[in-house]
Amino acid sequence: MSGQALLLLQDLTGGPEILDWEWLRENFWEDIVPAIQGHIFLSFISVAIALAIALPVGILSARFRKIYPPVTAVTGILYSIPSLALFSILISLPGVALGPTPVIVALVAYSLLILIRNTVAGLDSVPPETIDAARGMGLTNRQILFRVELPLALPIIVAGIRIATVTIIGIATIGAYINGGGLGKLIFDGINRQFPTMIIAGAVLATVLAILADLLLLGLERYLRPWARARRA
Amino acid sequence: MIEFKAVSKTYPGSEKPVVNDLSFEVLDGEICVLVGPSGCGKTTSMRMINRLIEVTEGEILIDGDPNTAMSGTQLRRKIGYAIQQIGLFPHRTIADNIGTVPNLLGWDKSRIKTRVDELLDTVGLAPDDYRDRYPAELSGGQQQRVGVARALAADPPIMLMDEPFGAVDPITREGLQDEFLRIQQDIRKTIVFVTHDIDEAIKMGDKIAILKQGGVLAQYDTPANILAQPASEFVSSFVGGDRVLKRLSLTRVGEMDLEPANGDTDDLLRINEGLSVKDALSELIGSGYSRAVVEKDGDNRLLTFDAIEELMGGTSVEPSNGGGASA
Numbered sequence: 000m001s002g003q004a005l006l007l008l009q010d011l012t013g014g015p016e017i018l019d020w021e022w023l024r025e026n027f028w029e030d031i032v033p034a035i036q037g038h039i040f041l042s043f044i045s046v047a048i049a050l051a052i053a054l055p056v057g058i059l060s061a062r063f064r065k066i067y068p069p070v071t072a073v074t075g076i077l078y079s080i081p082s083l084a085l086f087s088i089l090i091s092l093p094g095v096a097l098g099p100t101p102v103i104v105a106l107v108a109y110s111l112l113i114l115i116r117n118t119v120a121g122l123d124s125v126p127p128e129t130i131d132a133a134r135g136m137g138l139t140n141r142q143i144l145f146r147v148e149l150p151l152a153l154p155i156i157v158a159g160i161r162i163a164t165v166t167i168i169g170i171a172t173i174g175a176y177i178n179g180g181g182l183g184k185l186i187f188d189g190i191n192r193q194f195p196t197m198i199i200a201g202a203v204l205a206t207v208l209a210i211l212a213d214l215l216l217l218g219l220e221r222y223l224r225p226w227a228r229a230r231r232a
Numbered sequence: 000m001i002e003f004k005a006v007s008k009t010y011p012g013s014e015k016p017v018v019n020d021l022s023f024e025v026l027d028g029e030i031c032v033l034v035g036p037s038g039c040g041k042t043t044s045m046r047m048i049n050r051l052i053e054v055t056e057g058e059i060l061i062d063g064d065p066n067t068a069m070s071g072t073q074l075r076r077k078i079g080y081a082i083q084q085i086g087l088f089p090h091r092t093i094a095d096n097i098g099t100v101p102n103l104l105g106w107d108k109s110r111i112k113t114r115v116d117e118l119l120d121t122v123g124l125a126p127d128d129y130r131d132r133y134p135a136e137l138s139g140g141q142q143q144r145v146g147v148a149r150a151l152a153a154d155p156p157i158m159l160m161d162e163p164f165g166a167v168d169p170i171t172r173e174g175l176q177d178e179f180l181r182i183q184q185d186i187r188k189t190i191v192f193v194t195h196d197i198d199e200a201i202k203m204g205d206k207i208a209i210l211k212q213g214g215v216l217a218q219y220d221t222p223a224n225i226l227a228q229p230a231s232e233f234v235s236s237f238v239g240g241d242r243v244l245k246r247l248s249l250t251r252v253g254e255m256d257l258e259p260a261n262g263d264t265d266d267l268l269r270i271n272e273g274l275s276v277k278d279a280l281s282e283l284i285g286s287g288y289s290r291a292v293v294e295k296d297g298d299n300r301l302l303t304f305d306a307i308e309e310l311m312g313g314t315s316v317e318p319s320n321g322g323g324a325s326a
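Going down the list, the sequences are from chains G and H. Take the first sequence: its letter number 205 is residue 204 in numbering that gives the first Met the number 0, and every next letter is one higher. Take the second sequence: its letter number 118 is residue 117 in numbering that gives the first Met the number 0, and every next letter is one higher.
The set of hints was computed from the structure by calculation and includes no laboratory data. Since the model is a prediction, treat every value here as computed from it, not as a measurement. By construction, the Cβ of each residue, glycine as well, lies at the ideal position given by its N, Cα and C atoms. It cannot be assumed that every hint is accurate.
[As the list claims (entries may be wrong)] Some chain H residues well away from chain G (every beta-carbon gap over 12 Å; in silico):
| id | residue |
| --- | --- |
| 1 | 9 |
| 2 | 78 |
| 3 | 80 |
| 4 | 136 |
| 5 | 161 |
| 6 | 254 |
| 7 | 256 |
[Stated by the list, open to error] Residues from chain H shown here face chain G by an in silico Cβ test under 10 Å; the list is partial:
| id | residue |
| --- | --- |
| 8 | 86 |
| 9 | 113 |
| 10 | 223 |
| 11 | 260 |
[Said to hold, decoys possible] Computed Cβ-Cβ distance ranges for the label pairs, DEER-style:
| id | chain 1 | residue 1 | chain 2 | residue 2 | range |
| --- | --- | --- | --- | --- | --- |
| 12 | G | 142 | H | 241 | 43 to 53 Å |
| 13 | H | 117 | G | 221 | 29 to 39 Å |
| 14 | G | 84 | H | 11 | 44 to 54 Å |
| 15 | G | 77 | H | 123 | 50 to 60 Å |
| 16 | G | 145 | H | 138 | 48 to 58 Å |
Next up, chain H with everything else stripped away, as it sits in the complex:
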């Protein structure tokens, strides 16, 4: 567990703190996303965890102990680190790059080699094809995979990731995000993930910490709660006018509690249960029907606007504007 306790950071010669009285906890095995506009101190906050930046006031506890209990280099070898610009060593092979921290920790060669191949497999790069190449021979997406593999190398319980999928095109990014979430299901790391992209935050985060200018925590909660109940005007405008639709994107149609469809359903629109509610709603509106059939566990279920409204808490699909989406 990582605990921020009233953490502030003020640079010498500056009056205004870049991080201001920050307190929150990241539970074991969770992804906590720090998100906010530029200048909100999200990267600074992350870098204070492994002491690339030292705190001015307050303290950060890792599993109950202050992170100043050991030297900065010792601490950093126990925490995975992946950044947007990746920072692979251009003069080292992919295998050497991934083996950096195990090598610093004094693992023997065969153990490092086994681990490197295992990690290349995990991130979807064939070990025989990639282990002896140099970073310049890889595409941007492949390099980011290697960056993540390198951060995972010594199996650290905690990972810090600063826009780790930021340097690639949107399609590759989505692939990398999905893949990483799949990997995280197995490895259950405690992750602090920095991004400026609220959609990425909603997708990746178990919890989201929204920061505003001056490093003030605006809201810390699950994506669903932040979308349902933004704590302030700032949060509501930061998550965007389409926050209701974003909420719908958190749930899949198959996860909804739907009434069985009675009678003849042959003429109705059919929707795949793997689709997000947001996409299902889009299809429903586009089709001109007011209901559709979802096949779930072999049964036909009925998806209606009312069911979607119920999912949103029985209020309305668009609570703040009052307009009825079901009309």
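Pulled out of the complex, with its shape left as it was, chain G reads as follows:
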């Protein structure tokens, strides 16, 4: 946006400056870049940990159907707790300090349901005859899991990662409330100082980050299944 247009905007609203470009320029390296980095760090670590839990749990749930209902019940309850409440509960526990750790714990808790459900749905989507053929040709159970089932389930698992990631990037902003850092810090500081520029910068950047992550994972999803691109004309 050019300076002239901004002036025009100020004229129209008649109020104080909505965006202080001067502040954005001066604090870009000091406040904004670390906030972006912190946000990416929080989200990435949380999704990675959640995935490390959800994949084995999902695979076991698909194999041993009995454990699937309790697993969805527990993760479903976690998913339904309001984020602010969960953050408050976590820091009230003995031995938990303010900072990124309780934020990551909460974000992991939120993504488990989606990731586990999509892992199970992905494995369920593998055609039974494909597994029968694999077994009939002498693949071991482990080979069937890693060479047949997981590759075929991957697009659905990655679709779950997309939803989880976008959700986490949004909720992570609230983590600043308990000193988790990230773009939420800009927003909360902006509210405290009644300085809209910081609020808008935090919100817009968090949105852009979510959209970028979504597109990136969409690209990954497509890349992971070349066989789906090659359809009979």
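Dock chain H against the given chain G, drawing on the hints supplied.
Only chain H this time, still in chain G's reference frame:
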């Protein structure tokens, strides 16, 4: 050789066996077709050979050794496996699909590649056009060819085929059957072939095992013998009321022992020696003549109703109903 020795299968929690005291032998290089109505245990019987299903009683010997002598996965890598739903890996190219078992057996890459191209040739798919495609790009018939090629990949002496041509239209199926019989002439595999279609069984089988409900063997014999002498009411009704005609379809006119045609044959109906006796009989009846000329080895031979009756064992073309087809 595959030997079933008093094999039974009963699932836990069920009193009735799905396969009951089954004993028969499949000789090397023969196609043995397991056929019967649904619920007769034919697929279960086949799947017990490579231990996708374990037997409850009795044993299955392969070349004299019980099939439990090695692990199930080791055993299955030595036995070709093709099923009706094909089960190609959708995320792997045609070449990767065919190379599955050689890859598991640790063949080197160039050997696998040579073998894949050879097999694509065998099943009538141009290697350069198909090797790098994905299964979804192929028609149903092409996929079934790939399924058969994949089962043949490591050149296993034994093949198990569960309705391998079941998922395609009748015309494509007949083409695939003919082609497979042609391939089998060269490769001489020992094959256990499951189908519910008696016509397919008659066409494909050197031997046919007819099973009835509860997994009981109703008859085990060559197609010709089963058609000529059904062992029971069940077999006779299963092979169908047209079993005499089916018998005729097993023989070609050129294979018949026919009298030379004397005199002027110009006016008579001419029948191609490659035609089955069944089709020849149909043409003969349709033409209104009582005889026709078959040209065989440059000679004219005479095809008559009597000759057809003689082929059927000198009794009558329709032995059970007593009616004379030659009338």
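Right, here's what the structure says about each hint:
Annotated as non-interface, residue 9 of chain H keeps its C-beta farther than 12 Å from every C-beta of chain G; the closest such distance is 22 Å. Not every CB of chain G is more than 12 Å from the CB of residue 78 of chain H (nearest about 8 Å), against its label as outside the interface. For residue 80 of chain H, the condition that its CB be more than 12 Å from all CB atoms of chain G is violated, with the nearest at approximately 4 Å. Residue 136 of chain H, annotated as away from the interface, has a beta carbon of chain G within 12 Å; the closest lies near 5 Å.
Non-interface call for residue 161 of chain H relative to chain G: violated, since the shortest CB-CB distance, roughly 9 Å, does not exceed 12 Å. The claim that residue 254 of chain H lies off the interface holds: its Cβ sits roughly 38 Å from the closest Cβ of chain G, which is beyond the 12 Å cut-off. For residue 256 of chain H, the shortest C-beta to C-beta distance to chain G comes to about 45 Å, beyond the 12 Å cut-off, and the non-interface label holds. This hint holds: residue 86 of chain H has a C-beta 3 Å from the nearest C-beta of chain G, less than the 10 Å allowed.
The beta carbon of residue 113 of chain H comes no nearer than 20 Å to any beta carbon in chain G, farther than 10 Å, and the hint placing it at the interface is violated. Because the closest C-beta pair between residue 223 of chain H and chain G is about 32 Å apart, greater than 10 Å, the hint is violated. A hinted interface residue such as residue 260 of chain H counts as satisfied when its beta carbon comes closer than 10 Å to some beta carbon of chain G; here the least separation is about 54 Å, so the hint is violated. Between residue 142 of chain G and residue 241 of chain H the CB atoms are about 48 Å apart, so this pair conforms to the stated range of 43 to 53 Å.
Restraint check, residue 117 of chain H to residue 221 of chain G: a C-beta distance of roughly 34 Å satisfies the suggested window 29 to 39 Å. Remark: the range hint 44 to 54 Å for residue 84 of chain G to residue 11 of chain H is upheld by a beta-carbon distance near 49 Å. About 57 Å separates the C-beta atoms of residue 77 of chain G and residue 123 of chain H, a value consistent with the hinted range of 50 to 60 Å. At roughly 30 Å, the beta carbons of residue 145 of chain G and residue 138 of chain H sit outside the given window of 48 to 58 Å.
When held up to the earlier numbered hints, the structure conflicts with 2, 3, 4, 5, 9, 10, 11 and 16 and fits the remainder.
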